[in-house]
Amino acid sequence: MKKIATGNKAVAEAVKQIQPAVIAAYPITPQTEIVEQIAEFVSSGELKSRYIPVESEHSAMAACIGASITGVRTFTATSSHGLLYMHEMTNWAAGARLPVVMANVNRSIGPGWNIWAEHTDAMQERDTGWLQVYVSTVQEAYDTTLMAFRIAEHNDVLLPVMVNLDGFSLSHIMQPLDTVETGDFLPPMYLPHAIDPKNPAGYGGLTGPEQHFKFRWDIERSMRDSVKIIDETEKDFANRFGRKYGFTEDYQCDDADVVIVSMGTLGKEAEVAIDMLRREGVRAGSMRLRWLRPFPKLNLKGKEIVVIDRDYSFGFGGVLAKSIQAQQKTDVFSVIAGLGGQEVTYEDIADFIRKRRIGEEFWFGVNDHV
Amino acid sequence: MISLQELDTIGEIPQEEYVLKCTSACAGCSDSLALRYVLKAAGPDTVLVVPACCTSVIQGIYPNTAFNIPVYNIAFAAAAACASGMSNAFRATGKKTNVIVYAGDGGTLDIGIQSMSGAFERGTDFLYICYDNEAYGNTGMQRSGATPMGARTTTTPTGKIDAKKDIDAIIAAHNPPYMATAAAAYPQDLFKKVQKALTFRGPSFIHVLAPCPPGWRFSTEKTVEIGKLAVKSGMWILYEREFGKLTINPQSKAAMKRPVPLEEYLAPQGRFKGIDAKTFETLRQHLVKNIKKLSAEEAEE
Amino acid sequence: MFEIRIHSRGGQGGVTAARLLALSAIHDGKYATACPFYGAERRGAPIVSFVRIDDNPIRIYSQIKKPDMVVVLDASVMDVVDVLNGLKKGGKVLINSAHPREFAGFSSSHADLTGIALRENLVVAGSPILNTPVLGALAKMGIISVDSAKKSIREMFTDERNVKAAETAYREMSA
Numbered sequence: 134m135k136k137i138a139t140g141n142k143a144v145a146e147a148v149k150q151i152q153p154a155v156i157a158a159y160p161i162t163p164q165t166e167i168v169e170q171i172a173e174f175v176s177s178g179e180l181k182s183r184y185i186p187v188e189s190e191h192s193a194m195a196a197c198i199g200a201s202i203t204g205v206r207t208f209t210a211t212s213s214h215g216l217l218y219m220h221e222m223t224n225w226a227a228g229a230r231l232p233v234v235m236a237n238v239n240r241s242i243g244p245g246w247n248i249w250a251e252h253t254d255a256m257q258e259r260d261t262g263w264l265q266v267y268v269s270t271v272q273e274a275y276d277t278t279l280m281a282f283r284i285a286e287h288n289d290v291l292l293p294v295m296v297n298l299d300g301f302s303l304s305h306i307m308q309p310l311d312t313v314e315t316g317d318f319l320p321p322m323y324l325p326h327a328i329d330p331k332n333p334a335g336y337g338g339l340t341g342p343e344q345h346f347k348f349r350w351d352i353e354r355s356m357r358d359s360v361k362i363i364d365e366t367e368k369d370f371a372n373r374f375g376r377k378y379g380f381t382e383d384y385q386c387d388d389a390d391v392v393i394v395s396m397g398t399l400g401k402e403a404e405v406a407i408d409m410l411r412r413e414g415v416r417a418g419s420m421r422l423r424w425l426r427p428f429p430k431l432n433l434k435g436k437e438i439v440v441i442d443r444d445y446s447f448g449f450g451g452v453l454a455k456s457i458q459a460q461q462k463t464d465v466f467s468v469i470a471g472l473g474g475q476e477v478t479y480e481d482i483a484d485f486i487r488k489r490r491i492g493e494e495f496w497f498g499v500n501d502h503v
Numbered sequence: 179m180i181s182l183q184e185l186d187t188i189g190e191i192p193q194e195e196y197v198l199k200c201t202s203a204c205a206g207c208s209d210s211l212a213l214r215y216v217l218k219a220a221g222p223d224t225v226l227v228v229p230a231c232c233t234s235v236i237q238g239i240y241p242n243t244a245f246n247i248p249v250y251n252i253a254f255a256a257a258a259a260c261a262s263g264m265s266n267a268f269r270a271t272g273k274k275t276n277v278i279v280y281a282g283d284g285g286t287l288d289i290g291i292q293s294m295s296g297a298f299e300r301g302t303d304f305l306y307i308c309y310d311n312e313a314y315g316n317t318g319m320q321r322s323g324a325t326p327m328g329a330r331t332t333t334t335p336t337g338k339i340d341a342k343k344d345i346d347a348i349i350a351a352h353n354p355p356y357m358a359t360a361a362a363a364y365p366q367d368l369f370k371k372v373q374k375a376l377t378f379r380g381p382s383f384i385h386v387l388a389p390c391p392p393g394w395r396f397s398t399e400k401t402v403e404i405g406k407l408a409v410k411s412g413m414w415i416l417y418e419r420e421f422g423k424l425t426i427n428p429q430s431k432a433a434m435k436r437p438v439p440l441e442e443y444l445a446p447q448g449r450f451k452g453i454d455a456k457t458f459e460t461l462r463q464h465l466v467k468n469i470k471k472l473s474a475e476e477a478e479e
Numbered sequence: 026m027f028e029i030r031i032h033s034r035g036g037q038g039g040v041t042a043a044r045l046l047a048l049s050a051i052h053d054g055k056y057a058t059a060c061p062f063y064g065a066e067r068r069g070a071p072i073v074s075f076v077r078i079d080d081n082p083i084r085i086y087s088q089i090k091k092p093d094m095v096v097v098l099d100a101s102v103m104d105v106v107d108v109l110n111g112l113k114k115g116g117k118v119l120i121n122s123a124h125p126r127e128f129a130g131f132s133s134s135h136a137d138l139t140g141i142a143l144r145e146n147l148v149v150a151g152s153p154i155l156n157t158p159v160l161g162a163l164a165k166m167g168i169i170s171v172d173s174a175k176k177s178i179r180e181m182f183t184d185e186r187n188v189k190a191a192e193t194a195y196r197e198m199s200a
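Chains as they are written, first to last, in the numbering used here: chain A, 134 to 503; chain B, 179 to 479; chain C, 26 to 200.
These are computed hints drawn from the structure, not numbers from a lab.
Since we're looking at a predicted model, the values are computed, not measured.
Glycine included, C-beta positions come from ideal geometry on N, C-alpha and C.
A hint or two may mislead.
Claimed, not checked - Below 25 Å or equal to it, Euclidean Cα-Cα: the simulated PhoX-like pairs (lysine-lysine) are:
1. A/149 - B/273
2. A/331 - B/374
3. B/273 - A/331
4. B/273 - B/343
Stated by the list, open to error - A partial selection of chain A residues facing chain C, derived with a Cβ cut-off under 7 Å:
5. 301
6. 306
7. 401
8. 464
9. 478
Please construct the entire structure, taking both the sequences and the accompanying hints into account.
Have a look at this one:
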């Protein structure tokens, strides 16, 4: 059905479609609309979930963990400081192999208080064992949330999935939304290690040096296996509902001499920059990275690479730029832009490409010239 | 509803054991002693949620477990929140499984107080048991909010200056349908209180005094004796509060009338060795005040 | 692409007006996005919302710098904000005013949205509701169709007075 919705509302619509047994969440700008919409769906009876209005994000994730281990679907949503506050529990959810699905509305970290888009919050979660996907449209937020449950719950994966959407620029924008009936796209959840008093077991107790690393390796093995499951799931989704995504969304990359890599809404806006450059005769392309974890093998061989990071790892560099540089074994032009909602237009993005200096780092708005 | 008078001898407690032999507990541990009776009272359809505490160790080391019911270990601050998710999930799927948090005093009074308060405020259907050994035992006896004034710990080497936090008053402020105090030294009383707590819908709380031989510095065979002295001296008062109505246990009523001198409770414990007269007097006055307060509350209609 | 910037004050319904406008354009068979520029939520503070309408999917998320049209729901924001900033030459201005206002170099229109809201008794918490009457004015200016405007209002509001207010604005406005 055709409707119009914000990114936040699209996530809530997807959750309504999934009907998790338990939802535990704590409000934070700019995620609040997800929580409010879910509360409304629950009170109107459209959503049959038990909604736990927890007192903190740490407890939100702890409650999802407690519910998930009984073998039911769970969902939460957060942003920024909320995500950091639950950091201990995000690690726990992954280590406990629980298919919790969470929407994270990307927002910067204080001080000072800034409520606008930045990827630093989720970047600080990248080593926790969560699968991470970044979306760029309202429709994609909806579709990806649906897919997230299937991927997380697949018994070759059994890891939590974080769906990231840019604060305000996507969470609050109104775009067309086509909702679907998932039907058997999402099979019934089966958690092989679900807690069962008839078959008592200890979960997460003391684990010695001769055992612990095996569990760590097992997470990595599943992370690697998830590549196939993500691929299968995205293909099945495309077959059923006609919308295709993938690990990256490539735009005019095939014959491009230079490709700009970015995530989220900037990745969409970059396409407009590519159209401009193509009219100028510049053979440029855009690669919007959707899945950050597992980090996909990027097809960038022989291209000059420009990377936009809406994040930064102090004392090191833009996380995406450094990751791509390492994977491709080549220098890139690293642009740090859009921090704390800094305005970045397609014209700016075109400029990043035009004036690229491979091997250098450029802070948009700080350095005078590209 | 089970009356506290119905069960008179330890022989009436079920034979089934859920805390099996060969736990990793210290000799004379009252945490595992208390848990043995908690689980006998709760029965097999129970999940224990355990934050970081002595019980994380006592249950055994992977791949072994000494408990014959499912145990879900969770991060220090998160037990009540985890239990709240679990209880909701069980109820959502029509299961009546008991969800019991078994947490130490650190995980309850200190780092876990926020999630506990939230879970009580939300009316979570669960039982929260705090076994109180009055310090961070598992990490080698550092002070906690539950450490009494004058007690020496590794972080209060000359004795704690501050008083013990009144967690029961904090819980009472949440108006749970049922809350009680108990002691590992009185297993029948504990057993009955757990059984009773589990008959209520919503959150219930039991605060169990759990003397710790290495932490409190007394010899291992004295665990029960020390626990009884805590009650007989009036330092620990056994009671229950049902929908706000307080009933003090007969054992404590007797103790209130003819208390054993406080010295007799403190003297065998190395942690109070060398306690100065002023601190001792403050502890004693606090004890008297607490007895008065609870007696007055019970007398109220 | 047709780009519209809406100026209002927090609590006047500027954000909802943007959403209704985008929804109407979608009902007209076009692509549209509505995006408010958010700060902390503050009643009375000047705010701007952006609406983009196009025949193709819209991939731009940044703010509108050179709008084709400016809508001013509260003329008092003009004291603190340059509402004409970046407006394309010959661009349209719609202002909520009982009297005509001329903006040199631009195509100026006015509608007494406040008056209409008060007559229809569309007042919430003491403030007249402007976001539904403005749709009638926008329809009269040919930005969206009347049918789509009414359809959008009905999807977002149950109170039929909102539709009536839009109809009144459509009827009374001199395009």
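Okay, the hints, checked on the actual structure:
| no. | hint | result |
| --- | --- | --- |
| 1 | A/149 - B/273 | holds, 23 Å |
| 2 | A/331 - B/374 | holds, 23 Å |
| 3 | B/273 - A/331 | holds, 13 Å |
| 4 | B/273 - B/343 | violated, 36 Å |
| 5 | 301 | holds, 5 Å |
| 6 | 306 | holds, 4 Å |
| 7 | 401 | holds, 5 Å |
| 8 | 464 | violated, 28 Å |
| 9 | 478 | holds, 4 Å |
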